[in-house]
Every structure is written in C-alpha cells, then in structure tokens.
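Engineer: Just need the whole structure built from these sequences, with the hints factored in.
Chains as they are written, first to last, in my numbering: chain A, 1 to 302; chain B, 1 to 448.
It should be emphasised that the hints constitute simulated quantities derived from the structure, not laboratory data.
Cβ atoms here follow ideal geometry from the backbone N, Cα and C, with glycine treated the same way.
Wrong hints could be hidden among the right ones.
Here's a subset of chain A near chain B, in silico, CB distances under 8 Å, partners left out [to be verified]:
id : residue
1  : Tyr-86
2  : Ile-126
3  : Arg-238
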Amino acid sequence: MTVPDLTPDAIHDMVRPEESLWPRIIKWGVTVGIIVPLIWSVVGLEISIGRMLATPGQVWSLLTGMFPPDFDDWPRLMSKLLESLYVAWIGTLIGAAFSFPAGFMAATNIAPRWVAIPTRGILSGIRAFPELVLAIIFIVPFGLGPFTGALAIGLHSIGTLGKLSSEVIEGVDEGPVEAIGASGGNLFMKMRFGIVPQAMPNIVAYWLYRFEINVRASAVLGIVGAGGIGAEIVGRLRFRGDWPKAGAALLLTIGAVLVIDAISASVRRRIITGQPSRTVISKWMTAITGSHRDPRFEIENA
Amino acid sequence: MTALAEPDLEVRPPEPRRSRDFVGPVVVFTILLGFAGISGPAGPVWGAIVGALVFGLFWWIRLTRSIADAVVLVIGGAVGYSLFNLALAARDTGVTTAVGAQAALGVAVFGLAAGWVMYRNSPGLTPIPILLSGAAYGGGAYVVLLTAVALGLLDKIRDGEQQELTVALFVAVSIASGVIGATANISFWSKLPSSFAVGFTFIISVLAWNEIGFSIVEVFTQMSRITEILDDFLPPDFVWIKSPGQPPTFNMGKALLETFQIAIVGATIGCTLAAPLSFYASRPTSPNRAVYWLAKSFLNVIRTIPDLFWAVLFATAVGFGKPFAGALAMIMFSTAIMGKLLSETVDAINLGPLEAARAAGATNNQTIMKAAFPQIAPNFVAYALYVFELNIRASVVIGFVGAGGIGRLLDERRQFFQWDQVMAIVIVIFTAVIVIEAISIYVRRKLV
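Structural biologist: The following block contains the structure:
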C-alpha cells in the first residue's frame, strides 16, 4: 500500500476535483422561482413603498383606537363567547363521532382497497371546503344561527379528523392484529382489541387538538351569521366603527383561546405519555381530593 | 443449583377489584330503583327508598356495613328528593333553567350525604370529594332534566290532562340522577380522572347541545327536501362572469389570481420573518432569556388570533376592500404557523454543532446561520410549502371581511342570494384548493 505524498508542495500540485455546476444552478433557480412570483404578486396587489411606510402608522392608530378596550356590555360578550365555545364543542363531537368509523374505513391496513380509496377521496373532498364556505351553504337549509355553525365545523372536522385517524390506524403495530386473526378473531375483534388500544390515545389527542382549532374557527363564523363572537368583532370594526368594544371582544377571544390551548395541551400530554402531567392544575387536583389508596379498592395494575 | 422457593399455591392473593365488578351492583340498583319508582309515590318516601337502595349498593361493594351510614343515607334521600319534588311541583311555566337548578340542588343534598358516607369509609381522602359527590348527583339531575326538556318529555306535563305522567317522570328523572351520582361515587375508588373526564364531557355536551338548539330531527328534515335546496344551487352559473358590462370586481379569474398573489406574498414574507423569530424563541439558539420569552410570547399571542380576525384588523387599519390588507393578514398568519412549527423543530436539533461553533468563537447569529439552520433546512422547505397551502385555503375566505381575493366575490354574490353563482365560485375554490394541495403534497414527498 502506498502512502500518498502529503508534503506541502505535493498538495499544491494536486488537481482539485472540479465542482459540479448543478447545486449552484438549482440554488439560483429556486431563488429566482421564489423572487419572481413574489414581485409579480407585489405588483399585482398594488403594494407600493408609500403604502408600506404608511402601514405602521395606520396600525398604531387602530391599536390606540381599540385600547383601552370597553368592557361595558361584557355579559353579552361572554354569552357570545360561550356560544362560540359550544359551537366548537358540538362541531368537534360530530367530527369525532363520524371520523372514527371513517378513519377505519380509510385505513388500508384494515379496510379493503375498494373501500379505503373512495373513503379517502370523500374525506379529502370534505377538507377542501373551508368552514366558512360550508357555513354559507348550510345557511340556506338551516338558517342563521349557531346550529349552522356547528354543522359546518362538524363536517369539516370529519374530513380532517378522518384523515388523521386513518394515519394513526395505519401506523399501529401489526403484530397484535395478526395474532388476533391467527387465533380466529373476526374483523371487528381485530379492530376492537388489536387497533383501538394502540391508536386510541393518539386519536383522542387529535380530537382535543381539533377542538383547539375549532374554537378559532367558530370564533370566526359569526361573520356570516353562524353564531358566536365573530359578528361582535367584525360588525363593530367594519360597520359600526365601535373600536373600543371590538377591542374588548378581541381580548376576550384571545384570552379564551390561550386558556383552552393550555388546558388541552396538558391533557393531550397526559393522554399521549400516560404520565400524570406536572401542571399546577393537576397538583391542585391531588391536593384537593387527596390520594386514596384503600387496599379494598385497589384496581387494575395495583 | 439451589432450589428456588416453591410458590405457595394454597394461598392466592386476593383478586384486585376491577371497575367492571361494579357493573353488576349498578345494574341491579337501577332495576330496583325502577321498580320502587313505579310502585312508590314521589316525595320523601321515594327519597328514603332511594337512600336505602344506595346503602344497599354500598353494602354490596363492601364500602360500609354500619347502621349509622344507612340512617344518614335514608334521611339524606328523604330530604333531598322532597326538595327536588317541591321545586318541580312549584313550577307553573314548564321547567325553566332556574327551576331545574332548584330541583338539582335538592338532589345535590342527597349527593352530599352519599359523599359523606364515602368519605367516612375511605382512609386517605380529603373531605373535598363530599362536595364532588354532591356536584355529581346535582349535576346529573340537572343534565337529565335538561335532556328531558330537550326531548320534549317535560313539556307534556304542563297540559294538566296528563297529570298521571308526572309521577313517572319525576321517578325517571330521579332514577337517572341517582344512577349518575352512584356511578360517580363508585368511580371515586376506581378511576377518578377518567370518570371526571367522561362526566365533564357528557355535561358540557348536553349543555352545548341544548344551548345552540342542535337537532338531529332538523338535519333529517332538511336532508329529505334536498332536491328543493339543490334547486337553488344548481346548475352552477358560470356565465355571469363572462357577461359584458360587468364591473371589474365581478371577474372571477382576476379574483382567483388576487387570491394566489395574496397567498404568495403572505407565505414568502411570513416564512422569512418567522425564521429568525423561531430561532430566538427556542432555548438552544436564543441569545438570552429576555429575548427568548419575548419572541416566544409574541409567537404564542399572534397564534391565538384567527386568520379572519387579522384580515378584519388590517382591513380596518389600511382600508376595506383592498387586497393589501389581505396580504398583511396572511403575513401574520404565516408567521404564526411557521414560527410554531419551526421553533418546535429547533428545540429538538442536535446540540453538538452548536457547541462546536461556539467553542470556535462564533457569535450567536453565526452559530444560528452555520450550525443550526443547516440542520433544519429540509424541514423549513417542507413547512414553507405547507404554509403556502394553508395560505391558499385561508386567503380564499379573508375576502369576507373586506380583504380582497375570491372571498369578496363570494360574499357579494351571497348577499344578493345568487346561490347558483355562489355554487360556481365554490366549485372554483374547491378545484383550486384540491390542485394546490396535490402539488404541495407531491413536492413535499419529493423533498423529504
């Protein structure tokens, strides 16, 4: 085996391998591919330097107009906010109830292909309609009100939750399912004892996650008259020019969303990891109820 | 090899109690309650019977064997259910929320008695579960009452002619509330968190169901006249777009293009802004604690505001009907989503290269550029495509609040009740979203 001569002179004489041109071409191509549409859009939207410079001032005047917020009719705002939460909750319930079977039907490891492929198509078709568009369509038969909003959110949630559930179901360990099949279990038994125990925590976590998203969506639906706090904010900003009250509604919404996100995130963590969450709330819960360890009633895995 | 100690096969450890062992007692308890209810009168006597039956249930599951507990339960039942019946009997305008709450309070009194018995016999509990038990019985009664009203059962009593229904209904409601409460009592030993979760979900659902007037019957009624409804929507009217003399806002092609432009500007600028923000909002790459908290809470707060609220805020600020407002809204929306996705990815990066860069004397920004960013670059591209896809979906609707794009067209047509034209726009939106999603998924699969 020969040792390469690595004296400085020898290194200097070595031919450097030629760099490929392709990475550079791709890099510049991508850059141009981003910049050109951006410029086209900026021109198309009539965004000028003057407008951009004026924006911070305009936003500032909006902020000073909205704050301090005016909480005078907070009972009405609270009831509207509650209505939004109810709409989101019922929407999530509808989504969870229908997406659960749909998830199984769309999973290729449990459903035959001729069922799974059409189900997937239907689910992604549902997903392509934004909630707001669904709400507009539903207003025709069901009229204005939170009922319509709940239906719209529910239908959209079936699409998204169905897809997520089917992905969870496809990701389960096939071993238990096969074992149940080998010991004579039918399709239902495979699902109930092979898949559900593995997939359920993730699916329930997705339900909660969807509830978080639905809260935001239902806060918006009031714009088309489908119930909730959206009408308060948009109506006051757009049609009545009542900025301080709109600010109050906006602040209430943000607060509610933050609180719900925090609670839901801690519950999801608890469900996924199976460990008690170390949040303040759960500590309080233990402090309040005490930890009961009566040997007569020690249950499951005691 | 030394022999292992032989397990003693004669003495088996006692079987642990499982929650399914409680099913039998609860079923028998319910049936007995039903029989007692059919034959017995409403009021204190009925309450005493309920109390005695709950004691029987507690006896069966070996919670208590003391006469004092039996007395407490019987008296508690008599007092609680007579309050319950008093509240319901005093009503004159049907069961309002207030009457329901009064009635539920009566049952809650019995729940307190049951909770006290449970507390007395379970070492290790604080007194708080007594209150929780009261809440379970009372809440159960309230929910059952609301359900009965929602199903239209309780309205019938008002007529006067159907007085014989009264006793049976009272009994049915109290049976249901008793079962809910007793199940809650049992659950305190078996599965505290899950029973809370189930109870909470159930109560909230019934409340919400009642509050927004959800009705399955209505859904089916409307579905049965689907042909009439479809008459409004079909056939989709694409023609009006081409008709001459329309104002330029009615041009669907232009509106769709505007939507795409808004999405492009929003996604590009939003993702560019989000990149430095998410490095600052992530512990390993943040220069100091103050910047970390500032960036993180900024991202958290802008994430709570839905896309349409951004649109209406910016439209108010820069003027309604201008697509510029939509672009600004989409920038904020993209920043929020990208910031969340990216900062979570940055949290999980390999810290080795960062340490090496710092050891070689790199500043924080150099570390981010040379050691952190290359690790997440593929994720960044994939997220950017995803954000673009979301932007298309969102910018379709922001026109509703006066921020440009095809949504404005949809809103206009809707306000004129031109449902066939609405249908045409919906079909266009649907196609655009499906196509963009397919392209985005294809590219992401190629990249990652």
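Engineer: Could you run down the list of hints and mark each one as holding or not?
Structural biologist: Here is how each hint holds up against the structure:
1. Nearest Cβ of chain B to the Cβ of A/Tyr-86: about 4 Å, under the 8 Å cut. The hint holds.
2. Below 8 Å, beta-carbon pairs count as interface contacts, and A/Ile-126 has none with chain B, the closest being about 10 Å; its hint is therefore violated.
3. Because the closest C-beta pair between A/Arg-238 and chain B is about 6 Å apart, less than 8 Å, the hint holds.
Hint check: a violation occurs at hint 2 only; the rest are consistent with the structure.
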